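J.: The residues making up each chain are set out below.
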Amino acid sequence: MLDLVPGLPLADTNFVDATWIMIVKSIVIFLVLLQIVPILLLVERKLLGRFQQRYGPNRVGPYGLIQPLADVGKLLSKQAFRPKGAVPFLYELAPALTIISAVLTLAILPFGDVKGDVGFYGIDVPIGILYFFAFSSIAFYGLLLGGWASGSKYSFLGAMRSAAQLISYEIAMGLSLLGVVLMAGSLSLVDIVKAQGEVWYVVPQIVGFLIFMVAGFAETNRPPFDLPEADAELVAGYGTEYGGMRFGSFMFAEYMEMLIVSGIASTMFLGGWMGPGPGWLDPIWMLFKMWMLCMFFIWIRATLPRFRYDQLMSFGWKILIPLGTLNVLVTAVLVVTT
Amino acid sequence: MEEVAFFIGAIGALGAAAAVVALKNPFYSVLALVIHLVFLAGIFLLLMAQFLAASLIVVYAGAVMVLYVFVAAYVGGIEEPKWDASPELRVIGPIMAVALFVAISIAVLGSGLAALGTPGPDDIPAGFGTPEAIGHLMMEDFLIAFEAASLLLLVAAVAAIVLAGRRRGDKGSGTEQRKVLVKADEQANAQVAGNGEGA
Chain A
0 MLDLVPGLPL ADTNFVDATW IMIVKSIVIF LVLLQIVPIL LLVERKLLGR FQQRYGPNRV
60 GPYGLIQPLA DVGKLLSKQA FRPKGAVPFL YELAPALTII SAVLTLAILP FGDVKGDVGF
120 YGIDVPIGIL YFFAFSSIAF YGLLLGGWAS GSKYSFLGAM RSAAQLISYE IAMGLSLLGV
180 VLMAGSLSLV DIVKAQGEVW YVVPQIVGFL IFMVAGFAET NRPPFDLPEA DAELVAGYGT
240 EYGGMRFGSF MFAEYMEMLI VSGIASTMFL GGWMGPGPGW LDPIWMLFKM WMLCMFFIWI
300 RATLPRFRYD QLMSFGWKIL IPLGTLNVLV TAVLVVTT
Chain B
0 MEEVAFFIGA IGALGAAAAV VALKNPFYSV LALVIHLVFL AGIFLLLMAQ FLAASLIVVY
60 AGAVMVLYVF VAAYVGGIEE PKWDASPELR VIGPIMAVAL FVAISIAVLG SGLAALGTPG
120 PDDIPAGFGT PEAIGHLMME DFLIAFEAAS LLLLVAAVAA IVLAGRRRGD KGSGTEQRKV
180 LVKADEQANA QVAGNGEGA
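Each protein sequence line maps, in turn, to chains A and B. Be aware that the first sequence starts at 0, since it is given in numbering that gives the first Met the number 0, and climbs by one per residue. Be aware that the second sequence starts at 0, since it is given in numbering that gives the first Met the number 0, and climbs by one per residue.
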């Protein structure tokens, strides 16, 4: 076991590989997922178009394939404008905070077991899933600061909504994963995947899986729970006053978080990298499962209308949390007795 | 290397803690408290207490502080009357503060610093600071204290619900809700105006 920085005894991180491999790994993971985001964006717009009986983007390049590049080019060349009422430093900090925490969470997604001397994951920390929760709660401050520091009523209301949404859904999300943790007997995501050799946890933990997906929609601010940026009521919520690449960062972080929630769901419930075929297919299986869950996100977006705000809150507090608690209780009893 | 990390964490934590007290705007105070918690989590990591570090961020920065921020952002724009203490409070306040400081100092010096002068992180037991180790401590060695604390929290939660229910009085009709919404709107206006002056 080698420390990341020799002489810095940070917490036990189960490093199996040398420092230079760690650096290469982080760059590879980042680049691969960075490339998926624009593809996902395009596919979402194309699919939404088809869902709504239209074509979607089809002007830039063959079948509109270069559309994301054109979008990024437009966002990058826009003026970085700050409204008069905005708080200077925090206004610029907010998008950076969301994007940093989203990218940092990628580190714990496992794309395969240890092969040779290289673990096919960023890091395998014993606190595992808590790492995901820690960074998703920091990501929230990005939205909150963005909304608060913009100095606009719509942004502010969006930020407040996202705060209320976060406290209602994070508890349910934690409870939904607790059942899996109890069954696997470990918080480490690599161990949890390995424990699913016989049967994927989506079968015994179907309730947990459903709660996690519902809370995941709230966590990523995706429709039908996109109340912090509800465009019919709040213009664009916390992102109203942002333009150019700062808006792009919020957008990018949202899709990154969608990938992360899909990745966590695949890891915890759908057997992670497991699938038929030789060992080198592992990362592809993981990416495939993540991709299918992302398609599910898009499908739901096209199907369900947005919930009303009080419906969202009471659904979280009165249904999901008691259900999650019951699920944990039953799982705990079964784990102890069998 | 670890000295550098420690001093970054310590200076950050102390500086942010001082900012919590010194800053006038309650919203910035809460933000400083969040920064303080992040630096503190860094120090916990340096002490190999990874579970504590993660739960500090998840529970405090992620849940408790969100509520604080929520409240501070809503009432932040309103001018707060200057604190005008009665003469008794002016005497008792500092005495209580000093007494608390002495009590905490005795507790820390009496137990927590036993590791000073030992070789340090090289000979800590395997698995130290992991969720398993903490779980064993909570469920075996300190079971009664742990259960008593959870009972206390349950009582507090029930009491909060009872108090909130009593204050609401009769079941809120539509007008009541509308009043709340209007008030929130006014406060949002005030907050926006406050931002404009601050910028």
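The hints are simulated quantities; they were obtained by calculation from the structure and are not laboratory data. As the structure is a computational prediction, the values presented were derived from the model and not from experiment. Honestly, I wouldn't trust all of these hints.
Some chain A residues close to chain B (C-beta under 10 Å, calculated; not the full set) [claimed, not checked]: (1) L46; (2) G48; (3) F50; (4) L89; (5) F119; (6) I126; (7) S136; (8) W147; (9) M159.
No residue lacks a Cβ here, since even glycine has one placed at the ideal position from N, Cα and C.
J.: Compare the structure with each hint and give your call.
T.: Against the structure, the hints:
no. : hint : in the structure
1   : L46  : violated, 33 Å
2   : G48  : violated, 36 Å
3   : F50  : violated, 34 Å
4   : L89  : holds, 8 Å
5   : F119 : violated, 22 Å
6   : I126 : holds, 5 Å
7   : S136 : holds, 3 Å
8   : W147 : holds, 6 Å
9   : M159 : holds, 7 Å
When each numbered hint is compared with the structure, violations occur for hints 1, 2, 3, 5.
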